[in-house]
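Make the full structure from the sequences, and use the hints.
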Amino acid sequence: MGAFSEQTPINVITGFLGSGKTTLLKGLLAAPDLSDTAVLINEFGAVGLDHELVQSVAENTLLLDNGCLCCAIRGDLQGALRDLLSQRQSGQVPYFRRVVIETSGLADPAPIAYTLLAEPVLQHHFRLGGIIATVDAVNGGGQLQRFPESVKQVAVADRLIVTKIDLADPVQIATLHTSLRRLNKSASIVEVADGDSQPPTLLTDDMYDVAGREREISQWLAAEVGEDALIHDHADHIHSFALTFHSPLDWTAFGIWMTMLLHSHGDNVLRIKGLLNVAGVPTPVLINGVQHIVHPPSHLPAWPSEARHSRIIFIVRDMDQVTIEASLTAFNKLANPGAAPGQAA
Amino acid sequence: MCALCGVLGGRGHWTESAAAPEAFASRAEAHTRARERQTRTRLVNNVLGHYGLRLGDWSGGSHVLRGPTGRTALVNNLSEMWAAADDLSHQPCDPLDPELLKRLERR
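Each protein sequence line maps, in turn, to chains D and Z.
By the count of my numbering, the first sequence reaches residue 382 at its end, each step adding exactly one.
By the count of my numbering, the second sequence reaches residue 468 at its end, each step adding exactly one.
Everything labelled a hint here was simulated from the structure, so no lab data went into it.
In this text the structure is predicted, and so the values were computed from the model without any measurement.
A portion of the hints provided could be inaccurate.
[To be verified] Okay, the calculated bits of chain D under chain Z, using three or more residues with CB under 8 Å as the criterion: (1) 46 to 53; (2) 297 to 309; (3) 363 to 372.
[What the hints assert, rightly or not] Cβ pair distances, simulated, as ranges: (4) Q129/D to A391/Z: 43 to 53 Å; (5) G317/D to R464/Z: 41 to 51 Å; (6) G179/D to R396/Z: 53 to 63 Å.
[What the hints assert, rightly or not] A few chain D residues facing chain Z, derived, Cβ under 7 Å: (7) T60; (8) T238; (9) A290; (10) G292; (11) P319; (12) P333; (13) S335; (14) A339.
Glycine is no exception: its CB is placed at the ideal position from the N, C-alpha and C atoms.
Laid out in structure tokens, this is it:
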């Protein structure tokens with residue numbers, strides 16, 4: 038098994054019905070850098086894709102015994118990705134270096150992440166790349182109010198693409214921007230009008246991509262700075278906040294704490310992303326979790342700035358920031374009984 | 362085993378630094394898997410004590426979790442351990458529980 042960063046990345050493009058997923062994908066696939074991309078689509082919409090390697094899969098989910106909805110193997114993806122792998126190895130399909138999964142409008146991205154990490158064959162060959170969610174500038178605000186599926190898609194995304202801004206008025210766009218930032222403090226928000234094309238880095242930059250990880254981290258650190266005033270009391274009880282710890286974190290104590298937190302509250306911890314100052318490790322360690330699912334840690338070759346603070350972004354439902362901070366501080370002291378407490382930003 | 366690449370077993374649990382050696386490659390101090398297991402066991406027992414549970418090593422590969430009545434469960438990683446801890450202690454093991462946090466602060 039190669040290093041995680043050497044495995045074939047899989048991007049997920051999600052978004053509510055009619056929010057412009059296929060239009061976005063069509064524009065991206067036109068870039069020469071992404072010509073060696075295989076595409077799996079859960080439902081064909083009005084926009085056709087003229088691409089060499091497009092396959093349709095019927096969405097189905099195999100619930101595991103524990104009944105946890107995020108920790109469910111997506112049977113359709115399991116089969117489709119195993120087939121793709123086999124076809125690539127036998128030369129039946131053009132060699133691809135990336136896969137994009139376009140979900141249906143009502144899909145939950147969490148089981149896709151679980152399938153890639155837990156499925157015994159796929160975990161050796163594929164890894165999750167960035168999750169991209171499209172949100173319609175005109176209808177997106179209403180969909181977030183009415184459909185929990187839309188809220189979940191936004192909450193777990195790494196990038197939010199606000200589409201059709203040429204059809205929305207500035208107040209609509211600003212209100213939607215505020216709602217999106219409340220739900221997801223770390224995702225970069227890109228606004229696009231009809232006909233705008235996006236750079237390939239939208240897909241290629243992620244936490245595990247050797248060339249793009251520094252850009253990725255600086256993007257999500259920049260996205261969450263200065264937005265604290267917006268992050269309060271969302272109607273869906275989902276909110277996003279960042280904790281800063283000035284003392285180094287002990288990796289073993291952190292693992293004990295986070296596994297316990299996700300065991301007891303994983304349904305309500307929609308996303309965790311972090312840049313950690315781990316005791317004894319000079320370079321920053323990156324963590325990335327979607328509900329109960331945590332990917333192997335990654336790292337940056339150097340700190341992005343002079344400040345070597347741990348910064349962890351949480352997107353949670355009905356959970357209290359102060360309690361989470363106090364809990365992690367107490368667990369970190371297990372390894373460093375005399376250490377100063379952390380301090381939340 | 363992965364049928365296509367022939368690799369036996371899965372990736373290690375994300376909490377074990379061996380699961381992502383690149384992320385910890387810059388570590389200056391000598392580090393062994395056995396020492397990490399010992400440290401993990403020692404630290405987690407501070408938490409498990411709150412529930413009357415104790416974790417011990419099992420042949421250097423797995424761990425055995427013992428409950429207050431002598432019931433045991435074999436676990437392979439921390440995620441499996443918390444599920445077994447709920448079962449053996451007959452209560453949810455919650456890191457946000459104020460009573461647990463008070464106990465940890467008193468140490």
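Structure-based check of each hint:
| no. | hint | in the structure |
| --- | --- | --- |
| 1 | 46 to 53 | violated (count 0) |
| 2 | 297 to 309 | holds (count 6) |
| 3 | 363 to 372 | holds (count 7) |
| 4 | Q129/D to A391/Z: 43 to 53 Å | holds, 48 Å |
| 5 | G317/D to R464/Z: 41 to 51 Å | violated, 27 Å |
| 6 | G179/D to R396/Z: 53 to 63 Å | holds, 55 Å |
| 7 | T60 | violated, 35 Å |
| 8 | T238 | violated, 22 Å |
| 9 | A290 | holds, 6 Å |
| 10 | G292 | holds, 3 Å |
| 11 | P319 | holds, 5 Å |
| 12 | P333 | holds, 4 Å |
| 13 | S335 | holds, 6 Å |
| 14 | A339 | violated, 10 Å |
The structure shown violates the earlier hints numbered 1, 5, 7, 8 and 14.
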